[in-house]
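If you read the sequences in order, they're chains A and B.
Note that the numbering used here numbers the first sequence so that position 64 is 56, with each residue one more than the last.
Note that the numbering used here numbers the second sequence so that position 190 is 585, with each residue one more than the last.
Warning: the hint list may mix true and false statements.
[Unchecked claim] Cβ pair distances, simulated, as ranges:
| no. | chain 1 | residue 1 | chain 2 | residue 2 | range |
| --- | --- | --- | --- | --- | --- |
| 1 | B | GLU443 | A | PHE13 | 46 to 52 Å |
| 2 | B | GLN537 | A | PHE13 | 40 to 46 Å |
| 3 | B | GLN446 | A | GLU41 | 32 to 38 Å |
| 4 | B | ALA408 | A | GLU41 | 31 to 37 Å |
[Stated by the list, open to error] With the Cβ distance kept under 8 Å, some of the chain B side facing chain A (calculated, not the full set):
| no. | residue |
| --- | --- |
| 5 | ARG423 |
| 6 | CYS551 |
| 7 | GLN561 |
| 8 | MET562 |
| 9 | LEU582 |
[As the list claims (entries may be wrong)] In silico SDA-like cross-links for lysine to any residue, where the CA-CA straight-line distance does not exceed 25 Å:
| no. | chain 1 | residue 1 | chain 2 | residue 2 |
| --- | --- | --- | --- | --- |
| 10 | A | LYS9 | B | ASN569 |
| 11 | A | LYS37 | B | SER463 |
| 12 | A | LYS67 | B | GLN591 |
| 13 | A | LYS37 | B | GLN591 |
| 14 | A | LYS31 | B | TRP521 |
| 15 | A | LYS37 | B | TRP514 |
| 16 | B | LYS510 | A | GLU1 |
| 17 | B | LYS509 | A | TYR19 |
| 18 | A | LYS31 | B | ASP511 |
| 19 | A | LYS37 | B | GLU531 |
| 20 | A | LYS31 | B | ARG595 |
| 21 | A | LYS37 | B | GLN515 |
| 22 | A | LYS2 | B | LEU504 |
| 23 | A | LYS2 | B | GLY512 |
| 24 | A | LYS2 | B | GLU566 |
| 25 | A | LYS10 | B | SER463 |
| 26 | A | LYS37 | B | ASP524 |
| 27 | B | LYS399 | B | ARG426 |
| 28 | A | LYS37 | B | ASN505 |
| 29 | B | LYS399 | A | GLU8 |
| 30 | A | LYS10 | B | ARG410 |
| 31 | A | LYS31 | B | GLN591 |
| 32 | A | LYS37 | B | GLN597 |
| 33 | B | LYS483 | B | ARG410 |
| 34 | A | LYS10 | B | GLN565 |
| 35 | A | LYS31 | B | LEU530 |
| 36 | A | LYS67 | B | VAL439 |
| 37 | A | LYS59 | B | GLN528 |
| 38 | A | LYS10 | B | GLU566 |
Keep in mind that the hints were calculated from the coordinates and are not lab data.
Predicted, not measured: the structure shown is a model, and the values here were computed from it.
Ideal Cβ placement from N, Cα and C applies to all residues, glycine included.
Single-letter residue listing:
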Amino acid sequence: MLSCRDLAEKASDHIEKKLSFREALSYRLHLFLCGYCRKFVRHLKTTIEFGQRLPEPEPLSDEEAEKIAAQTFEKSDQE
Amino acid sequence: MLHKAQDEEDIDALRRGDRAAFTRLVQRYHRPMLVIARAIVGDVWAEEVLQEAWVSINRALPRFEGRSSLQTWLYTIVRNEARTRLSKESRYVSLESTIGSHEDTIESLNMQFKKDGHWQNSPANWHTDSPLQLLEQTQLRQCIDRTLSTLSADQCAVFTMRDLQQMDLQEICNILELSSSNVRVLLHRARLSLMQVIDRYQETGTC
Ligand SMILES: [Zn+2]
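Hey, can you work out the whole structure from these sequences and the hints?
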């Protein structure tokens, strides 16, 4: 029988659909029986969706990007 | 996702060596590429590796065939440059060997369980389960930014590629040359770190 600790460890794998059939079955059985783990998984899913909606790293400013492009072209010309 | 559309629009110009298109490419990808370089070579050399990577990219672009996405192609070049740098510095440490050195998150998750593996206490109640509502909380966002900056470099790279950029897991494994299970461990730990921050925020309104 899967413990709550095991379930918490495997939660991302389940969400990413990377558990074997048997593992997924015991995962779902545990979840069915355990309110604490259901709450944990709900929070994890919220967290993942939250993460997915965070903005990507700020793009560079025009000046920064131009500086890097200039360096790159200069170096490429030398070679 | 927006990046992809811009990539496609620019691809012909990029192949021709158009400088404005190249500058836009730098603008879009420099930061995420830095995250990947850091995961492989660490902070000290990451910037230098990127300079070299951009030169290689500029040189190779005319031959880009589009068999993978431009993003994957760029990340693979960064990976290669980073690896070359590592071997030059002859202190080659594979990413695999550094996994397991960041046990804090797992430790604090473990503390929530009794010896028999049951929860010590119920996970805290959250005021809201809505990601959108959470995203609106400025203070929480600041807490999260701070947490992201303290993630280990490899966790940060995996989180950036999987959750922020929603890349395919297998692609991430290929770029970082990690096994699927290791990538998933890193991903799970990063997510748990974020979850802890949200947990604390929900409970105390601060971080
Ligand atoms: Zn449970």
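Now for the hints, and whether the structure bears them out:
At roughly 47 Å, the beta-carbon separation of B/GLU443 and A/PHE13 lies within the given 46 to 52 Å, and the hint holds. For the pair B/GLN537 and A/PHE13, the supplied restraint of 40 to 46 Å holds, since their beta-carbon distance comes to about 43 Å. The beta-carbon spacing between B/GLN446 and A/GLU41, approximately 36 Å, falls within the hinted interval of 32 to 38 Å. For B/ALA408 and A/GLU41, the Cβ-Cβ distance of about 36 Å falls inside the hinted range of 31 to 37 Å, so the restraint holds.
The closest approach between the C-beta of B/ARG423 and any C-beta of chain A is roughly 6 Å, which is under the 8 Å cut-off, so the hint is satisfied. At a threshold of 8 Å, the smallest CB-CB gap from B/CYS551 to chain A is about 10 Å, leaving the interface hint violated. Against a cut-off of 8 Å between C-beta atoms, the interface hint on B/GLN561 holds, since the closest Cβ of chain A lies about 7 Å away. Interface restraint check for B/MET562: the shortest CB-CB distance to chain A comes to about 12 Å, outside 8 Å, so the restraint is violated.
Evaluation of the B/LEU582 hint against chain A yields a held restraint, the C-beta minimum of about 6 Å falling below 8 Å. Annotation: proposed proximity of A/LYS9 to B/ASN569 holds, straight-line Cα distance about 19 Å (limit 25 Å). For the given pair, A/LYS37 sits about 30 Å from B/SER463 by alpha-carbon distance, which is inconsistent with the 25 Å threshold. The straight-line distance between the Cα atoms of A/LYS67 and B/GLN591 is roughly 45 Å, outside the 25 Å bound, and the hint therefore fails.
At roughly 13 Å between alpha-carbon atoms, A/LYS37 and B/GLN591 fall within 25 Å of each other, so this suggested pair holds. Taken as a hint, the A/LYS31 and B/TRP521 pair is honoured in the structure, with Cα atoms around 9 Å apart against an allowance of 25 Å. For the suggested pair A/LYS37 and B/TRP514, the alpha carbons sit about 19 Å apart, so the restraint of at most 25 Å is met. For a cut-off of 25 Å, the pair hint linking B/LYS510 to A/GLU1 stands: about 15 Å separates their Cα positions.
Restraint check for B/LYS509 and A/TYR19: the C-alpha separation of about 19 Å stays at or below 25 Å, so the hint holds. Of the pairs offered as hints, the one joining A/LYS31 and B/ASP511 holds, with about 19 Å between alpha carbons and a cut-off of 25 Å not exceeded. About 18 Å separates the Cα atoms of A/LYS37 and B/GLU531, which keeps this hinted pair within 25 Å; it holds. Under the criterion of a C-alpha separation no larger than 25 Å, the hint pairing A/LYS31 with B/ARG595 is consistent with the structure, at around 15 Å.
Between the alpha carbons of A/LYS37 and B/GLN515 the distance comes to roughly 21 Å, so the proposed pair stays at or under 25 Å and holds. A hinted pair counts as satisfied when its Cα atoms are at most 25 Å apart, and A/LYS2 with B/LEU504 qualifies at roughly 13 Å. Taking the CA atoms of A/LYS2 and B/GLY512, the gap is about 13 Å. The hint holds against a cut of 25 Å. Note on A/LYS2 and B/GLU566: the hinted pairing holds, with a Cα-Cα distance of about 21 Å set against a maximum of 25 Å.
At most 25 Å may separate the alpha-carbon atoms for a hinted pair to count; A/LYS10 and B/SER463 meet this at roughly 24 Å. Between A/LYS37 and B/ASP524, the direct Cα distance comes to roughly 9 Å. Compliance with the 25 Å bound is thereby established for this hinted pair. For the hint linking B/LYS399 to B/ARG426, the alpha-carbon distance of about 16 Å falls within 25 Å, and the restraint holds. Proximity of A/LYS37 to B/ASN505 is assessed by CA-CA distance (about 19 Å); at most 25 Å being required, the pair is judged to hold.
For a cut-off of 25 Å, the pair hint linking B/LYS399 to A/GLU8 stands: about 23 Å separates their Cα positions. As the CA atoms of A/LYS10 and B/ARG410 are separated by approximately 38 Å, the hinted pair breaks the 25 Å bound. As the CA atoms of A/LYS31 and B/GLN591 are separated by approximately 14 Å, the hinted pair is consistent with the 25 Å bound. For a cut-off of 25 Å, the pair hint linking A/LYS37 to B/GLN597 stands: about 15 Å separates their Cα positions.
Taken as a hint, the B/LYS483 and B/ARG410 pair is broken in the structure, with Cα atoms around 30 Å apart against an allowance of 25 Å. The suggested pairing of A/LYS10 with B/GLN565 holds, with an alpha-carbon distance near 12 Å, which does not exceed 25 Å. A C-alpha spacing of about 20 Å is found between A/LYS31 and B/LEU530, which places the hinted pair at or below 25 Å, so the restraint holds. Between A/LYS67 and B/VAL439 the alpha-carbon distance is near 21 Å, which keeps this suggested pair within the 25 Å criterion.
At most 25 Å may separate the alpha-carbon atoms for a hinted pair to count; A/LYS59 and B/GLN528 exceed this at roughly 38 Å. For the given pair, A/LYS10 sits about 15 Å from B/GLU566 by alpha-carbon distance, which is consistent with the 25 Å threshold.
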